[in-house]
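Q: Chain residues, written in single-letter form:
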Amino acid sequence: MVAVSWYLALGAVLFSIGLVGVLVRRNIVVMLMSVELMVNAVNLNLVAFSNLHAHYTGLVLALFVIGVEAAELGVALAIILAWHRHSGRLDADSATLLKG
Amino acid sequence: MIADQLLWLIPAFPFAAFLVNGLLGRRLTKNAAHWPALAAVGLSFVCALLVLRNAVEHTAWQVTLFTWIKVGAFDVPLKLSADPLTAVMLVVVSGVSFLVHLYSVGYMHGDGGYPRFFAYLSLFTFSMLMLVLSGNFLLLYVFWEAVGLCSYLLIGFWFHKKSAADAGKKAFLVNRVGDFGFALGILLLVVNTGSVDYQEVFRLAPQLPQATVTLICLLLFVGAAGKSAQFPLHVWLPDAMEGPTPVSALIHAATMVTAGVYMVARCNALFTAAPTAMQVVAVVGTLTAVMAAAIALTQTDLKRIMAYSTVSQLGFMFLGLGVGAWAGAIFHLFTHAFFKALLFLGSGSVMHAIGGDCDITRQGRLARHIPWTTTTFIVGSLALAGIFPFAGFFSKEMILGAAFAGHHYVLFGFAVLAAGGTAFYVFRAVFSVFFGLRDADALHPAPAVEAHGGHGDAGHGGHGHGGVHESPWVMLAPLVVLATMSVLAGWPLEHGFVQFLGRVLPAAEHGAVPGALAAEALAIVVALGGLTFAWVTYQKGIVDPDRIAASWPRLYALSKNKFYIDEFYDATIVRPLLALARWALRFDLDVIDGIVNGVAATARGWGAALARLQTGRVRDYLLFMALGLAAVLGVLLWR
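Here the protein sequences line up with chains W and S, keeping their order. Its first residue numbered 4, the first sequence is counted upward by one per residue in the numbering used here. Its first residue numbered 17, the second sequence is counted upward by one per residue in the numbering used here.
Think of the hints as simulated: they come from the structure by calculation, not from any bench. Every residue, glycine too, gets a C-beta built ideally from N, C-alpha and C. Among the hints, erroneous ones may be present.
Just some of the chain W residues that point at chain S, by a computed CB distance under 10 Å [to be verified]:
1) L26
2) S53
3) L55
4) D96
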């Protein structure tokens with residue numbers, strides 16, 4: 004039995020890697036992948052606590068998150084695809100139409 | 017009843033003519049604009065005569081056309097009323113207006129604004145007729161303002177000329193001062209009697225406290241002084257001569273300026289209840305009569321002399337009203353309308369003949385060129401001077417007699433003095449222009465032809481005929497009619513007129529005053545003296561006017577410069593007001609606008625600064641989110 008703190012530590016590391024990835028990378032696809040990393044770090048925490056408390060709510064919530072995640076990815080990839088077709092680029096910094 | 021229909025028809029005709037010429041003048045009527053106007057005023061005149069006949073039989077009647085304003089118990093209908101006073105005014109206004117319309121056909125011929133001129137003239141006639149027909153004070157006030165507007169429009173008819181535009185503005189502003197008092201007077205009436213209806217107000221007036229009635233009367237008289245050019249609000253009338261001459265004749269001599277006299281006579285029930293106000297009216301009237309006559313002595317422009325003469329004669333009318341000679345004042349208004357319109361139209365005819373403004377010191381012996389104008393002008397002058405048996409004699413005697421009989425000996429003395437001055441200044445003009453020592457042909461022979469093309473004030477389109485020439489028949493016919501009236505309006509009408517008006521106006525308390533006959537004789541002698549003095553000075557050259565002027569330089573300068581009243585107003589009112597206006601402008605631009613613009617600039621500055629955060633880049637937003645998240649976490653963990 005691995006202590007829950009290890010799971011939490013791994014989750015924190017994954018979340019941080021994802022956060023840094025979102026902030027520093029400019030490729031939209033890579034940023035999306037980093038977001039996935041962050042979401043799954045949270046999922047890991049949910050599952051870890053679910054296991055610790057021997058209760059399935061955390062597990063169910065993680066499954067929900069994965070489902071919502073899939074839908075979100077579908078929308079996000081569609082937008083990225085449309086943007087790519089429109090401008091021929093994948094650089095997030097090139098999309099500044101909403102500049103104030 | 018047919019008489020009821022007549023009342024609203026009288027103003028309706030000119031209003032229709034105004035609409036036709038005002039709306040379609042530039043496209044449709046153009047140089048035929050005089051036809052609708054003439055027809056309308058002619059029909060009004062016929063209706064006015066019918067109303068006069070009806071008034072002789074039935075004295076007074078009213079027509080309520082519709083409810084105009086109704087707020088609770090305060091009810092103002094559009095009510096027309098007719099009585100002998102109204103009937104006389106209607107006949108004078110529509111009659112003189114018709115003749116002036118006719119005269120204008122010749123005088124304004126070829127002017128660019130021909131239809132506009134007739135539109136304004138019709139609008140004025142409509143307003144003036146409504147003014148005298150009004151059955152309540154509110155309606156009176158509305159048309160009181162309307163005639164003021166027409167006056168403004170017509171004085172400034174040649175608006176491209178700065179002096180004309182300025183004169184129009186001046187007339188309007190000075191009238192506003194008077195109208196302000198008038199409005200206050202009417203408001204005070206409403207507050208105290210709860211009504212604006214003539215009959216209601218005059219019924220309740222004697223029950224009001226003495227002080228209130230006096231105040232109301234004085235305020236109403238302020239309005240009358242503004243409209244009828246009484247001291248100290250007379251300054252606009254002489255300047256109003258910048259307008260076309262027919263306008264001067266119609267509005268600034270015969271009709272509109274008498275609105276104040278009419279109004280005071282209409283309010284006789286109020287004024288008789290306020291003896292102090294009557295005193296003020298009489299004193300102001302006399303003062304104006306003397307002062308204007310004194311100014312007219314030294315003026316050199318023919319129209320200006322006539323303008324001051326009008327101010328002076330209006331002063332006589334107010335003297336008559338003030339001493340209780342109500343019918344006498346209205347009789348003088350009646351005769352004055354004819355002979356003063358005649359004199360103005362005659363002046364216009366002279367100006368038409370010489371092709372420009374008439375400076376009496378640069379004219380002479382025009383009689384042989386323009387015999388008709390000369391003859392009619394002399395008739396008008398004799399009437400104005402009050403020489404027997406011309407119309408002005410009877411009306412002026414009536415006023416002077418009433419002043420003497422009412423024991424107003426000081427006022428009587430000054431009025432006689434003014435009458436003497438009147439005779440002198442008008443015949444000074446007559447002898448200088450039509451006869452005299454100079455010959456205009458010898459003075460400036462060549463320019464007479466040259467100046468003709470421009471035609472100056474006459475606004476005449478240059479006919480190509482040279483030299484001094486008589487006016488066309490459309491201009492002479494009104495002169496002849498008015499000259500006839502200036503003779504006939506006197507003794508044949510005197511007795512009946514006073515009796516007729518006596519039905520609505522209180523009679524002057526004529527007692528058998530010793531010396532009354534001598535007083536009247538004195539007035540005649542003084543008038544004849546003035547005439548004779550003008551004759552020996554300007555016709556015979558026995559007395560040199562320049563030497564007289566040189567022996568009293570101060571007095572001469574006072575008269576010549578119109579007692580410096582314009583300069584006084586300029587220094588005490590116009591300049592301080594202008595300075596205040598300039599200061600207010602700076603305050604508005606710098607302080608008020610500064611605050612408003614400052615607020616806007618601040619908001620814009622902040623907006624510009626904060627807009628930089630909105631980069632449009634997703635990663636920046638994410639960074640802000642992460643930083644915010646970190647800050648929240650930090651706060652949570654730290655505590």
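Q: Are the hints correct? Go through all of them and say.
A: Okay, the hints, checked on the actual structure:
1. Among the interface hints, the one on W/L26 holds; its C-beta lies about 6 Å from the nearest C-beta in chain S, closer than the 10 Å criterion.
2. Hint status for W/S53 relative to chain S: violated, with the closest Cβ pair at about 24 Å, above 10 Å.
3. Evaluation of the W/L55 hint against chain S yields a violated restraint, the C-beta minimum of about 22 Å exceeding 10 Å.
4. Checking W/D96 against chain S: minimum C-beta separation of about 5 Å stays under 10 Å; hint holds.
Of the hints listed earlier, those the structure fails to meet are numbers 2 and 3, in rising order.
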